[in-house]
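In order, the protein sequences belong to chains W and E. So in full-length UniProt numbering, the last spot in the first sequence is 242, and the numbers never skip. So in full-length UniProt numbering, the last spot in the second sequence is 242, and the numbers never skip.
Hints may be right or wrong, so weigh each one.
[Claimed, not checked] Here are the computed distance ranges between Cβ atoms for each label pair:
1. 127(E) with 242(W): 36 to 46 Å
2. 218(E) with 149(W): 47 to 57 Å
3. 10(E) with 125(W): 42 to 52 Å
Derived by calculation from the structure, the hints in this document are not laboratory data. Just so it is clear, CB atoms sit at the ideal spot from N, CA and C, and this is done for glycine as well.
2 protein chains.
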Amino acid sequence: MGHAYQEKFTIPFDFSDVNGNLKLPPFLSKLLDVSGQHSAELNRSDVYVLETYGLVWIVTDYEFDIVRLPRFSENVTIRTEAVSYNKLICHRRFEVMDETGELLMRVESYFALMDLEQRKIVPVPEDLLEPYHSEKVKKIARGAKYKSLEKPSKANYHVRFFDIDMNGHVNNSKYLDWMYDVLGYEFLKTHVPRHIHLKYNREVSPGGDVSSEFEMDGLVSHHQIGSDGQTNAQAIISWRVL
Amino acid sequence: MGHAYQEKFTIPFDFSDVNGNLKLPPFLSKLLDVSGQHSAELNRSDVYVLETYGLVWIVTDYEFDIVRLPRFSENVTIRTEAVSYNKLICHRRFEVMDETGELLMRVESYFALMDLEQRKIVPVPEDLLEPYHSEKVKKIARGAKYKSLEKPSKANYHVRFFDIDMNGHVNNSKYLDWMYDVLGYEFLKTHVPRHIHLKYNREVSPGGDVSSEFEMDGLVSHHQIGSDGQTNAQAIISWRVL
Numbered sequence: 001m002g003h004a005y006q007e008k009f010t011i012p013f014d015f016s017d018v019n020g021n022l023k024l025p026p027f028l029s030k031l032l033d034v035s036g037q038h039s040a041e042l043n044r045s046d047v048y049v050l051e052t053y054g055l056v057w058i059v060t061d062y063e064f065d066i067v068r069l070p071r072f073s074e075n076v077t078i079r080t081e082a083v084s085y086n087k088l089i090c091h092r093r094f095e096v097m098d099e100t101g102e103l104l105m106r107v108e109s110y111f112a113l114m115d116l117e118q119r120k121i122v123p124v125p126e127d128l129l130e131p132y133h134s135e136k137v138k139k140i141a142r143g144a145k146y147k148s149l150e151k152p153s154k155a156n157y158h159v160r161f162f163d164i165d166m167n168g169h170v171n172n173s174k175y176l177d178w179m180y181d182v183l184g185y186e187f188l189k190t191h192v193p194r195h196i197h198l199k200y201n202r203e204v205s206p207g208g209d210v211s212s213e214f215e216m217d218g219l220v221s222h223h224q225i226g227s228d229g230q231t232n233a234q235a236i237i238s239w240r241v242l
Numbered sequence: 001m002g003h004a005y006q007e008k009f010t011i012p013f014d015f016s017d018v019n020g021n022l023k024l025p026p027f028l029s030k031l032l033d034v035s036g037q038h039s040a041e042l043n044r045s046d047v048y049v050l051e052t053y054g055l056v057w058i059v060t061d062y063e064f065d066i067v068r069l070p071r072f073s074e075n076v077t078i079r080t081e082a083v084s085y086n087k088l089i090c091h092r093r094f095e096v097m098d099e100t101g102e103l104l105m106r107v108e109s110y111f112a113l114m115d116l117e118q119r120k121i122v123p124v125p126e127d128l129l130e131p132y133h134s135e136k137v138k139k140i141a142r143g144a145k146y147k148s149l150e151k152p153s154k155a156n157y158h159v160r161f162f163d164i165d166m167n168g169h170v171n172n173s174k175y176l177d178w179m180y181d182v183l184g185y186e187f188l189k190t191h192v193p194r195h196i197h198l199k200y201n202r203e204v205s206p207g208g209d210v211s212s213e214f215e216m217d218g219l220v221s222h223h224q225i226g227s228d229g230q231t232n233a234q235a236i237i238s239w240r241v242l
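Next up, chain W with everything else stripped away, as it sits in the complex (with noise of 0.2 Å):
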């Protein structure tokens, strides 16, 4: 068992959706806003990783288990632990609880180190990990197998100048927010996640426009986020009707 850190968090009016369910998108920044916490308690907070190692932390995958969304004022207690780690890819897990402990949601994140001047992915150094005390692992299972969309609806949508964060491009929160969006307003006011499974593949960079596109199979639908030519994210997602 890795390190382990929680807080408590109440669910406010504006990570609420129509319904008065939890807007998964900005909880996504929230979630990795523990995990900053959980660093700098041990010492190892994203400043820190920066100047030492001259690297950041970038999210590559994550794969949702949703019991029950949280709703509106709802107290939670969110958990993390940084599980496991192989030489290239982190394993963080969180889990969130209602005030009787019951599992409302699990989420699994994969991370990787990249140094910032290379603008590449490196070995994970480790003395950088070993506070946490996570398994050194040979293979980390991740992701899922994303198809290629045949006949995709789609909406292109543009980035906003509030979409890009201190770091200087798109928020991974967006992603998530475009895939949603394309779905239309009566299909997501009757459905909620069930399971999610998001892959980044590369940056969208400032300025322009992406293209959401998705093709629904079932109760499942399978989304692409591209521009420019590129594949930028894919996502999975399982709904169940409200």
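Following the hints, position chain E against chain W.
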């Protein structure tokens, strides 16, 4: 002096723009959250007001006076006070201070009460306001002279699912988001607001598009959000070069 309330707040990553300055649109939601806490402390929570009176608060105008935008991870204090009211309008002030107590920003806000069934603004019930100890006045000065735009630049924005809040309408903070974004990345990266007048005229309906129009007059931008041939919101923003 009306009853006051304050709380501490640390500017999170997702409240920070590419320059590390506070994003005002999500901060508007935070301010409403603080006023909600204030009201709850006085036994005048939104739920109580709705259940007891059948009324909901709506914001009609904001005025921002910005000395300096708070920065990412800065610890600020948000203080709010119910200043005064007349027959239809209540005036609430927010002040944001840095760690040394220096004023960073003052926000004057103006609220009315809407009967939820009749969808009509109604006179403020005295007993609802009593615990705030705000001053009863004849006239409340608010707003500004919003000019009609002659030859505006503009862009259209699609109302997204996550723009709709639990009240079933476009969240107040989105209007400012659209007004900002139309100014373009280069302008926003190199300018910060000094002073903002913002007025809400009528709700944007879910599902449609809005046009965000502006005219620049030196370092002052005049804004209009419109949809279906109606004006939804107006603003005047004075900028300074970063």
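So, going through the hints one by one against the coordinates:
1. Range check, residue 127(E) to residue 242(W): about 39 Å between beta-carbon atoms, so the 36 to 46 Å window is met.
2. Separated by about 48 Å at the C-beta atoms, residue 218(E) and residue 149(W) satisfy the suggested range of 47 to 57 Å.
3. Evaluation of the 42 to 52 Å hint for residue 10(E) and residue 125(W) yields a failure: the beta carbon distance comes to about 29 Å.
In the structure shown, a violation is registered for the earlier hint numbered 3 alone.
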